[in-house]
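Number of protein chains: 2
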Amino acid sequence: MKAYLAGPDVFLPHAVAHAAAKIAICARYGIIGRAPVGDEIGDLSGLTADAAWRAIYQKDIAMMGDCDIIIANLTPFRGASADAGTLVELGWFLGRGKPVFGYSNTAALFGARSRAQVAKMPDPVNGLMIEDFGLPDNLMIAGATSYPEGLGVIVPPDGTDRAFDALDIFEICVAQATQVKSKSV
Amino acid sequence: MKAYLAGPDVFLPHAVAHAAAKIAICARYGIIGRAPVGDEIGDLSGLTADAAWRAIYQKDIAMMGDCDIIIANLTPFRGASADAGTLVELGWFLGRGKPVFGYSNTAALFGARSRAQVAKMPDPVNGLMIEDFGLPDNLMIAGATSYPEGLGVIVPPDGTDRAFDALDIFEICVAQATQVKSKSV
Chain B
1 MKAYLAGPDV FLPHAVAHAA AKIAICARYG IIGRAPVGDE IGDLSGLTAD
51 AAWRAIYQKD IAMMGDCDII IANLTPFRGA SADAGTLVEL GWFLGRGKPV
101 FGYSNTAALF GARSRAQVAK MPDPVNGLMI EDFGLPDNLM IAGATSYPEG
151 LGVIVPPDGT DRAFDALDIF EICVAQATQV KSKSV
Chain G
1001 MKAYLAGPDV FLPHAVAHAA AKIAICARYG IIGRAPVGDE IGDLSGLTAD
1051 AAWRAIYQKD IAMMGDCDII IANLTPFRGA SADAGTLVEL GWFLGRGKPV
1101 FGYSNTAALF GARSRAQVAK MPDPVNGLMI EDFGLPDNLM IAGATSYPEG
1151 LGVIVPPDGT DRAFDALDIF EICVAQATQV KSKSV
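Protein sequences appear in the order of chains B and G.
End of the first sequence sits at 185 in our numbering; the numbers just go up one at a time, nothing left out.
End of the second sequence sits at 1185 in our numbering; the numbers just go up one at a time, nothing left out.
Don't read these hints as lab results, they were simulated from the structure.
Among the hints, a few may not be true.
As the list claims (entries may be wrong) - Restraint ranges, calculated between C-beta atoms of paired labels, are given here:
#1 G:Glu1149 / B:Ser45: 28 to 34 Å
#2 B:Ala51 / G:Ala1166: 46 to 52 Å
#3 B:Ala51 / G:Arg1115: 33 to 39 Å
#4 B:Pro122 / G:Ala1017: 30 to 36 Å
#5 B:Gly30 / G:Ala1027: 51 to 57 Å
#6 B:Ile41 / G:Gly1097: 21 to 27 Å
For each residue, glycine too, the CB sits at the ideal point set by N, CA and C.
Extracted from the complex, chain B is given alone in its bound form:
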């Protein structure tokens, strides 16, 4: 089984080594991990910005098509919610009917994070509702990781935030993917 390893991890300064660490964890659970960085994307030097993003997009989509499941890093990224590109990819797997797994290294819930964001960077109009169902992020993310048989977004079980690039919650998520896969994939 191949897992697409989505996340803002691609923006880390040590993105290639970090992806290798994730792929090694997957291997210990019998899963082939693939991440959209390094050799998977290839050399983009010499390309214009327009050609570069199109090349990355097309390689990402092809890699997603080659994978059976997604394991998404849904740790909040530059705002109240998870990374935008990761969410498009998560939705893509959901649309394809492929199993969706996700985790967050942040324990604070979406409602609290939304209020913190608005306190620092006010909404453009007054009275915009704050979604607060006691979930780790927007309900579409909770649903995508819960149906048909997932456990929702995996968060730190002890309620303590992990470092942005910590991998212990990711490993819990990989273990979960292994169990579900044995039933349904």
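Following the hints, position chain G against chain B.
The following block gives chain G in isolation, referenced to the frame of chain B:
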């Protein structure tokens, strides 16, 4: 043709009236608009938070399944990028191979918005890359709205931000959807 009208519009204090205005614009272009608010979701009073979000999720997914295309409001929402739920839905349509259209009422590009976000709410680790391809948002959003034959995220053509709930850029997007639909849907 039915269009799923996604966006953080559902959080507006006047969400039901706003959805009706969008649906009326769609009707002028021969498109049946559906928005996940009001009667489409129904009465959730009396439900627990857990039951409520699950009901909304399942109704949203059913509505998406009934629609041919998505027209997504990708105006930045509580962070550098578009609304999280909207992005999951956009990815879902992409995964299903259904045409994806999107617009933003904000003219500033993703790179500048990411830098503004980080200035107010610093990244959790040093050296996280800022994606800056001169696009309105993350490249996965640009790609989803550009392939196979879209025009990318529709932004204010005069470079001037619109109000969060303005509908003139939405109307340009609806008109675009009409043209593409005549070719491919």
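(request) Against the earlier hints, flag every one the structure doesn't satisfy and list their numbers going up. (result) The structure breaks hints 2, 3, 4; every other hint is satisfied.
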